[in-house]
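Peer 1: Top to bottom, those sequences are chains A and B.
Counting in this note's numbering, the first sequence runs from 1 upward without gaps.
Counting in this note's numbering, the second sequence runs from 1 upward without gaps.
Any given hint could be a false lead.
[To be verified] Calculated pairs, SDA-like style, for lysine to any residue (alpha carbon to alpha carbon, straight line, at most 20 angstroms):
#: 1; chain 1: A; residue 1: Lys253; chain 2: A; residue 2: Leu184
#: 2; chain 1: A; residue 1: Lys133; chain 2: B; residue 2: Lys194
#: 3; chain 1: A; residue 1: Lys271; chain 2: A; residue 2: Lys227
#: 4; chain 1: B; residue 1: Lys194; chain 2: A; residue 2: Lys227
#: 5; chain 1: A; residue 1: Lys227; chain 2: A; residue 2: Leu184
#: 6; chain 1: A; residue 1: Lys75; chain 2: B; residue 2: Ile180
#: 7; chain 1: A; residue 1: Lys75; chain 2: B; residue 2: Gly181
#: 8; chain 1: A; residue 1: Lys133; chain 2: B; residue 2: Pro191
#: 9; chain 1: A; residue 1: Lys75; chain 2: B; residue 2: Pro191
#: 10; chain 1: B; residue 1: Lys164; chain 2: A; residue 2: Leu53
#: 11; chain 1: A; residue 1: Lys133; chain 2: B; residue 2: Pro168
#: 12; chain 1: B; residue 1: Lys194; chain 2: A; residue 2: Ser242
#: 13; chain 1: A; residue 1: Lys112; chain 2: A; residue 2: Leu184
Honestly, the hints are just simulated from the structure, not real lab data.
As the structure is a prediction and not an experimental result, all values here were calculated from the model.
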Amino acid sequence: MSSQFEMHNIRKTFGKFLALSLDNLEFDQKTYAVILGPSGSGKTTLLRIAAGLESPDTGSVVIGGKDVTALPSWKRSVGLVFQNYALYPHLTVYENIAMPMTVARYTNDYIKTHVHELLDVMELEGQENKYPKQLSGGQQQRVALARALIKKPAILLMDEPLSNLDARVRIDLRDYLKETQRKLGITAIHVTHDQEEAMALGDQIVILNKALVIQSGTPGEIYSKPKTLFAASFLGGINLISSELLPDLGIRKDFDALGVRIQDISLSMEKGNTDLIGKVINIQYLGYQYIVTLEFAGTRLRVRTDNLNGITENSEVGLFIDMTKIMLFRDGNRIPIEEEGLESPA
Amino acid sequence: MKSPNKRQATILVLPALIYLLIFGIYPMLQNFVLTFQSPDINGSIVWGISNYINAFKIYGLTQIFYNTFLYTLAVPLVDILLAIPLATFLKRLNKPYLLPIVLLSSFIPLVTGAVMWVFMLNPTNGFMYYIAKVDLFTSPWSIVLIDIWTSLPLATLIIYSGLKAIPPHIEEAAHMDGLIGTRKLLQVDLPYIKPSLLSATVLMVIFGSFTFDPIYVALSSSSPFAIMDISYLAYSLYETGGIIGQGQAAVLMTIMTVVSTGIAILFVRLSLRESARSRKIRFKFMPNREIPRKVAWFFVLLYLAFILLPFSWLVLESFKTLSEIISIPPVIIPSVVTLAGYFRSITVGQPYFISSLIVSLGTAFLVFFIGAPAAYSISRHRTGGLKFISLILFVYSLPTVIFMIPMIGIIKSVGLLNSWLGLIISYPVFVMPITIWMLYNFYSTFPKHLDEAANMDGMSVYGSFYRVILRLSGDGISVTLLYAFIIAWGALIFPLAFAYTPFNMNFLFPSGAQTVTIFIGGTIGHEAFNYGELSAASVISLIPSILLIYFARKRIDKLWRVGGTVG
Numbered sequence: 001m002s003s004q005f006e007m008h009n010i011r012k013t014f015g016k017f018l019a020l021s022l023d024n025l026e027f028d029q030k031t032y033a034v035i036l037g038p039s040g041s042g043k044t045t046l047l048r049i050a051a052g053l054e055s056p057d058t059g060s061v062v063i064g065g066k067d068v069t070a071l072p073s074w075k076r077s078v079g080l081v082f083q084n085y086a087l088y089p090h091l092t093v094y095e096n097i098a099m100p101m102t103v104a105r106y107t108n109d110y111i112k113t114h115v116h117e118l119l120d121v122m123e124l125e126g127q128e129n130k131y132p133k134q135l136s137g138g139q140q141q142r143v144a145l146a147r148a149l150i151k152k153p154a155i156l157l158m159d160e161p162l163s164n165l166d167a168r169v170r171i172d173l174r175d176y177l178k179e180t181q182r183k184l185g186i187t188a189i190h191v192t193h194d195q196e197e198a199m200a201l202g203d204q205i206v207i208l209n210k211a212l213v214i215q216s217g218t219p220g221e222i223y224s225k226p227k228t229l230f231a232a233s234f235l236g237g238i239n240l241i242s243s244e245l246l247p248d249l250g251i252r253k254d255f256d257a258l259g260v261r262i263q264d265i266s267l268s269m270e271k272g273n274t275d276l277i278g279k280v281i282n283i284q285y286l287g288y289q290y291i292v293t294l295e296f297a298g299t300r301l302r303v304r305t306d307n308l309n310g311i312t313e314n315s316e317v318g319l320f321i322d323m324t325k326i327m328l329f330r331d332g333n334r335i336p337i338e339e340e341g342l343e344s345p346a
Numbered sequence: 001m002k003s004p005n006k007r008q009a010t011i012l013v014l015p016a017l018i019y020l021l022i023f024g025i026y027p028m029l030q031n032f033v034l035t036f037q038s039p040d041i042n043g044s045i046v047w048g049i050s051n052y053i054n055a056f057k058i059y060g061l062t063q064i065f066y067n068t069f070l071y072t073l074a075v076p077l078v079d080i081l082l083a084i085p086l087a088t089f090l091k092r093l094n095k096p097y098l099l100p101i102v103l104l105s106s107f108i109p110l111v112t113g114a115v116m117w118v119f120m121l122n123p124t125n126g127f128m129y130y131i132a133k134v135d136l137f138t139s140p141w142s143i144v145l146i147d148i149w150t151s152l153p154l155a156t157l158i159i160y161s162g163l164k165a166i167p168p169h170i171e172e173a174a175h176m177d178g179l180i181g182t183r184k185l186l187q188v189d190l191p192y193i194k195p196s197l198l199s200a201t202v203l204m205v206i207f208g209s210f211t212f213d214p215i216y217v218a219l220s221s222s223s224p225f226a227i228m229d230i231s232y233l234a235y236s237l238y239e240t241g242g243i244i245g246q247g248q249a250a251v252l253m254t255i256m257t258v259v260s261t262g263i264a265i266l267f268v269r270l271s272l273r274e275s276a277r278s279r280k281i282r283f284k285f286m287p288n289r290e291i292p293r294k295v296a297w298f299f300v301l302l303y304l305a306f307i308l309l310p311f312s313w314l315v316l317e318s319f320k321t322l323s324e325i326i327s328i329p330p331v332i333i334p335s336v337v338t339l340a341g342y343f344r345s346i347t348v349g350q351p352y353f354i355s356s357l358i359v360s361l362g363t364a365f366l367v368f369f370i371g372a373p374a375a376y377s378i379s380r381h382r383t384g385g386l387k388f389i390s391l392i393l394f395v396y397s398l399p400t401v402i403f404m405i406p407m408i409g410i411i412k413s414v415g416l417l418n419s420w421l422g423l424i425i426s427y428p429v430f431v432m433p434i435t436i437w438m439l440y441n442f443y444s445t446f447p448k449h450l451d452e453a454a455n456m457d458g459m460s461v462y463g464s465f466y467r468v469i470l471r472l473s474g475d476g477i478s479v480t481l482l483y484a485f486i487i488a489w490g491a492l493i494f495p496l497a498f499a500y501t502p503f504n505m506n507f508l509f510p511s512g513a514q515t516v517t518i519f520i521g522g523t524i525g526h527e528a529f530n531y532g533e534l535s536a537a538s539v540i541s542l543i544p545s546i547l548l549i550y551f552a553r554k555r556i557d558k559l560w561r562v563g564g565t566v567g
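One chain only, chain B, in its complex shape (with noise of 0.2 angstroms):
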C-alpha cells in the first residue's frame, strides 16, 4: 500500500506527465503512422511506404544531409574547443559583471541573432563590407558561424559552472602539490568536470543538428540549398508540399527521432551520472605555469568583441537613416540619430508584440503551475525514480519541429488555431522540460529537514509545498520563469506553423497571434528597405533577455549544475 505522502507526490507529477505524453510521446508516435499515409490520385489516403522512397528523391537531398552533418558535428566542436580556454580565463580574471555579457548571445532570439548577422555580413551595406566584400551565405559554414555565436556562451556557461564547483580543498590540494595553469587544467579541472563538458558537447550536438532559425532567416539572402539542412526542409516540405510534403516530412522527422532518441540516451545517462571515470589522456607538453593576466584579458577581449560586435551593428542600425542604412559604402557610426525605426516598428509592429508578451506570459506561468510541483517531487520524492527526469531529458532533447504536424492537429481539433491559446497550449514542450530540470536541480540543493519539519508539523506533502517549499524558492523560480519566458519570446517554428495573422487588435475578440519572432525573421529580405523598423522592432526584441540576465546574474552559473544531482 502507498503512503499517503507518496500518494501526493505522485499526484504532484501527474499534470506534467499527462501533458508530455500528450504533447510530447503522442507526436512522435503520430509522425510514424503519417510516414505510411500518402494521397493518391483521387486525394484519398492509401497506405504504402511511397513517402519512404519518394523522400529520398527529393532535390539537393545530398547537400542537405552535408549540411546537417556539417552543423552536428562542427558547432559542437568549435564550442567546446573555445568554451573550455573561455571558461578558463572567466575563472581565472574573476570578474563577476564578465559573465553576464559573454552570455548575452545564448540569451536572445534565435531569430534576432541571426537577423544581427544577416544585417552584419551583408557584403555591401553591412560591416562585412570592411573585411572582405564576399557573401559568405553561398556557404553552409555561414551558419556554423552564426551557430557558434549562439551557443558557445551556453556551452562556456555550462564549463563555467563545473569549473567553479570544484571544490576549494581541491584546488588547495593541487596547489600544494605544484600543480598550476595548464596543466592542472588537463590534470585535475578537465577530469573532474567531465560530466559538465559531456553534458555541454552533447547539448550543443542537438543545437547543432537541430539548426533552425537562423536558416529561416538567411533564405531571404541565400541560394536555396546552400545552407538548409533536413530540420528546415521538413518543415518547408510540409509548408509547401501539401499533403504529399507531409508524409514525406514525417519520414524525415522520424529519422530526426530516431537519431536525436541516440543522443538523448547519451544526454540522460550523461547528465543523471554520479561522477565519471576512464582512461587518462597523458599530454606530452603541459606547461605548468599559470596564463599571466595580460594574456587572459587579451583573448577575453577577443572573445567579447566577437560575440559583441553584432549587437553594436545592431543598435548602430537601429538608429540611422534610410539613406544611411543603404549608402554603399556603410556608414558605421550614424551622423543624423533618428528614432524613426522604433516609432515604426512599436506601430507597425504592435499586434505581434503583443502576441508575444501574452503568450510568453501565459506559457511561462502554465509551466510554473505544471512544472514547479513537478519538479519538486521528483526532486525531493523521487517521483517516478529515474525515469521520470529521463523522460523530461528525452523530450529536451528532440528538435521542435517533429511536433509539428500532429500537433497542428491536435490545436486544430479543439479551434485553437491561430490563437494565443494555441500556442500557450503548445509551447511547454520545449520550455516545460529545461525549466524542471533547472528547477528539479534547484530544489536538489534545498535542505531537506524543511520538509521534514513541515511534514511533523502536520502538513501534507500539498501543504508543504505550497506553504514552505513554495514561499523559499523565490529566486530560484523567478530566474526559471524569466527563462522560460526568453524561450517561449524567442519561439519560431510554432508560431509558423500554428499562427497565419497577426492580432486584429480586438481585444474582445482576439484573432490572430503571429508573434514579433515572424515580425523580425519573416520580414527580413520580402520588404526591401525597412530595415530600420527591422533593427529597431530586433532591439526591442532583446528586452527581455537584458532583464533576465540582469536578475539573475549573480546565481546564473547555479542553474546550470550538472552531474553528481541524483544518488
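Okay, chain A solo, but in the shape it has when bound (with noise of 0.2 angstroms):
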C-alpha cells in the first residue's frame, strides 16, 4: 500500500506559542487513522494544516504523492466535518450538500446524481428539503459528513466529529463512521481526545501532547506497550504508583513510578503471603463487571475484575499483580522491568 497522507517537518506557532511540532508523519490509502490528545495538544492545529485553514511555518503537506502545501483548501483533495457541523443555516439539506460541487460548476443533473447518492449512503432521504435547523444533531453531523465526501476527496478530514453528541448516538454514529470509511474506501483522519473513541475507532493512533508527537501506532501497540508515562496514563485503565510506596518486587529499583493496567491486578479475600494489602473503599458495577476502588499505601488503585469472590466495601483484601504485564517509568519514559547492563545510572 503507499501512503496517501504525509506531513515533513512541521512546526506552526501562534506567536510564542509553539502549537505543532512533527518531524514525519504518513498516513495508508485506506486507513482510519485517529489523533488522539487532550486540548492544547496540537490536534486540531495538525488537523487544520491538513484541510489548509493554517499553513505551518515549516514544511510540507502531501496528498496523494502531491505537495499541497502552497494550494488552498479547495484544491486539496480533501473534506472536512467541523465539530459544529457548520452548516449553512439558510441553505436545505440539498443544497448544503451541494455547495462544493456547485462552485466547482457540474451540471445540475450530475450534482443531483451525486448529491442523491450520499443521502441515501448517510440514510437521509426525504431530509433534502429541510433546514438544518429541523435536523436532529445526529442528521446534521451525516449532512456535514455528506457534504464534506460529495467532492470524492482523498482525505475525509472530521475534527472531533462525535463530541456535540449524546452518549448513545456517539456509540451508533462511531460505527457508522467506520462503515463509511469502508464502504468508500476513503483515508480518513479523525481528530479527537476520547481516548475510547480512539481505541474504538483507529487503524492507527498517533498521541499527541504539547504540541509533539509522543507515539504512533495500532491501538494494541499503543495500549499495550506505550513508550511514554503520558501513552500510558492517556489511554487510561491504568493505575501508576510511586516506587517509594512500594514494597521490594524484586526487579530494579531505579524507576520512578510503576504502571499496572486496572485488569491486571486481582484481588482475594486470601492475603496467602503477599505484602500488598489494600482496603476496599468502594464498589461500582457496571452491569458485566466490577470497578474496585482501593487504598493502598496512601494511595488509590482500580482493579476491574468480573466476579467479586465475596469482597465488600470495608474489607481488607490481598493484592495480586501480573508482573510480566507491569511497566516501569523513569524521567516520564518507559524503561525495561530489568536491568540491562551493570552501569546503570546512579
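Two chains, two frames, some hints: make the complex.
Peer 2: So, in C-alpha cells, the structure goes:
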C-alpha cells in the first residue's frame, strides 16, 4: 500500500506559543487514523494544516503523492467535518451538500445524482428540503459528513466529530463512521480527545501532547506498549504507583513509577503470602463487571474484575499483580523491567 | 399569583412604560383629535373635517409629496447599495482604525452636517466653485446627498456588525467549499446577515422619510418649495400658521403616524425575528475571486474622501479670516490662521453651549435612570414579553416632529416652556427608545448565572440589578449614555418648538433654553457674514461625537447587533 497522506517537518507557532512540531507523519490508503490528545496538544492545528485552514511556518503536506502545502483548501482533495458541523443555516440539506459542487461548476444533473447517492448512504433521503435547524444533532452530523464527501476527496478530515452528540448517538455514529469509511475506501483522519473513541475507531492512532507526537501505532501497540508515562496514562485504565510506596518486588529499583492496567491486578480475601494489602473503598457495578477502588499505601488503585468473590466495601484484600504485564517509567519514559548492564545511572 | 421576582421586574419597567405612554402614545392620539378642530371667524373652536380639506389645498403640495417620496426611496436604496461594498471592504482590510473614521458623519449633530454641506456646496464661496459653478440647493437631490452622507455610515455599521458576527466555522466551511470573494458574499454572507440588511434598510427608510434638519439649514440658501418635505411642512405650518396651521399640521402628522406605523410594524418584526429565510436569489455572474487588497483600499479611500471632505472644509473655514471666507474664487488653505471665529463663537454662543450641555447631560441621566432598569428587566426577565420591546421600537420609528404640538401643551401646563427642564423631560421620547434597545441587546449577552447567583445569595431583583448587574455593565452603559448625550446634543425640532430665547446667563433665575443646534442652524444665511463664527461653533459642536467614537471604538460594532436576540 502506498502512503496517501504525509506531513514532513511541520512547525507551527502562534506568536511565541508552539502549537505543533512534528518530523514525519504518514498514513496509508484506506486507513482510519485517529489523532488523540488533550486540549491544547496541537491536534486541531494538525488537522487545520492538513485542511489548508492554517499554513505551517515550515514543512510540507503531501496528499496522494502531491505536495499541496501551497494550495488552498478547495484544491486539496480533502473534505472537512467541523466540530459543530458548520452547516449553512440559510440553505437546505440538499443545498448544503451540493455547495462544494456548485462552486466547482458541475452540471445540475450530475450534482443531483451525486447528492442523492450520498443522501442514500447517509440515510437522509426525504430530508433534503429541510433546514439544518429542523434536524437532530446526529442528522446534522451526517449532512456535514455528506458535504465533506461530495467531491470524493482523497482524505476525509474530522474535527471532534462526535463531541457534540449525546452518549448513545455517539456510539451509534461511531460504528457508522467506520462503516462509511470502509464502504467508500477513503483515508480518514479523525481528531479526538476521547481515548475510548480513538481505540474503537483507529487503524492507527497518533498521540499528541504539548505540540509533539508522543507515539504512533495500532491501538494494540499503543495500549500494550506505551512508550511514555503520558501515553500510558492518557489511554486510561491504568494504575500508577510511585516507587517509594512499593515494597521490594524483586525487580530493578531505579524507576519513578510502576504502571499496571486495571485488569492486570487480581484481588483475593485470602491474603496468602503477599505484602500488598489494600482496603476496599468503593465498588462500582457496570453491568458486566466491577470496578473496585482500593486504598493502598496512601494512594488509590482501581481494579477491574468479573466477580467479587465475597469482597465487600471496607474489607481488607490481598493484591496480586501480574508481573509480566507491569510497566516501569523513569523521567516520563518507559524503561525495561530488567536492568541491562551494570552501569545503570545511579 | 405573581412571584415577587416577577413583580419587582415589572416595577423596574414601569417608569419607562409610563413615560412612553404620556410622551409617546398620548401625543399621537392628541394629534388625531386636533385634526378635527379648526377655528371659526370668531376664533372659537369648531369640530369638522375642514382641516383635511384645507391641508390638501396647500400650495406646492405636489412638489412636497414628490420630495418626501424621493427622500424615502432614494436614501435607503443608495445607502444600502453603497454600504454593502463598504462594509465588505472594511472587513476585508481588517484595519480597526478605519471603522471609527468612517462612522464620523453618522454620529454628529445633523445640523452641523448640513451646515458643512451648505458651506461646501456654495457655488461662489464654497469648494463647489472648483467642481461646477451650480447651486445644487435648487434641487431636492441636494438633500438626498446630505441624507446619504449622514446615514451611510450607520447603514455600513449595521451591515459590518452583521458580517463580523458570522461565526468563524461558517467562514471556514465556505473556504473548504471553495467559496470566496463576491460569490461568497452573495451566497453565504448576505443571506446569513439578512436580518441586519433588513433592519438597516428600514432604519434608512425611517431616516429618509422624516428628513428635517438639512432642510431647515438649507432653506436659507434654497428656493422655498424645492427641497421641503412633509415633516418640514408640518413644522412650518404650526410655526407660522397659528391655530389654523396647527390643525392642518396635525393632519399631516397623523398621516405620517399612519405611514410610519406601517414601517414600524415591519421594523419591529424584522428586528425581533430570529432568522430569516426565503427564496434564494441566483446571480448569473458571480466572480469566485477575492477582491485584491489594492482595489479594496482604492474604494475605501474614495468613501473616506466623500465622508471627510465636508469636515475638512468646515475646519479650514473655521480658521479663515473674514476676507478669505468671502473671497471669490474661494481660498482653500487659509494664508493666515485666525482664532477669531472661535473666540467670537464662544462669547456669542456661550448661552447656547451651556443650555445644550445641561440639557444633554440631564437627558442622558434621565434616560439612564428610566431606561437602564427597563432594558435589564425586559432583557433578563422578559417583562412585557415582546409587547414592551415592540412599543420601544415603535416609538423609535415615529418621526420626532409628530410629538411636537401635543407636547407643547404638556410642557406649557407644567410651566416649563422655554426652560432646560422642559427640554429634559421631553427629549427622552426620541432618545430613550434607541438607548433601551442598545442596552437590551447588551444585557442579552450577559451571563444569566450572575442573576441566578445573586438570587441564591438572597438578593431581590432590585438587589441583583443595582448591586451586581449595574456594577458590571460600566462599559455598555457608558457608551450608551454617551450616545444618548449626542442624540440630545444634536436635537433640533424640540428646542425650536419649546424654547424661544437663549439662556439669560443667570444661574439663580435661569430662563431661556435655545440650544447650540439653533445657534448653528438658525443663524446661517440670516446674518450674512458671520461664517467664521458659525463654522467655529460647528467644529466645537463635533467634540462630543468625536469623544463618543473614541471611547466606543472597540465595541461600537457590537452595540448594533440585530436579529436573533429574542428566543
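Peer 1: Evaluate each hint against the coordinates.
Peer 2: Hint check results:
1. A:Lys253 to A:Leu184: Cα-Cα ~52 angstroms, so violated.
2. A:Lys133 to B:Lys194: holds, 17 angstroms
3. A:Lys271 to A:Lys227: The hint is violated at about 33 angstroms.
4. B:Lys194 to A:Lys227: Violated, at about 54 angstroms.
5. A:Lys227 to A:Leu184: Given that 20 angstroms is the threshold and the Cα spacing comes to 33 angstroms, the pair is violated.
6. A:Lys75 to B:Ile180: OK: lysine 75 of chain A and isoleucine 180 of chain B at ~13 angstroms, within 20 angstroms.
7. A:Lys75 to B:Gly181: Measuring from Cα to Cα gives roughly 16 angstroms; hence the hint holds.
8. A:Lys133 to B:Pro191: holds, 16 angstroms
9. A:Lys75 to B:Pro191: Violated, because 25 angstroms separates the two Cα atoms, which is more than 20 angstroms.
10. B:Lys164 to A:Leu53: Given that 20 angstroms is the threshold and the Cα spacing comes to 19 angstroms, the pair holds.
11. A:Lys133 to B:Pro168: Given pair lysine 133 of chain A, proline 168 of chain B holds - Cα atoms ~18 angstroms apart, limit 20 angstroms.
12. B:Lys194 to A:Ser242: violated, 61 angstroms
13. A:Lys112 to A:Leu184: Holds. Lysine 112 of chain A to leucine 184 of chain A sits at ~19 angstroms (cutoff 20 angstroms).
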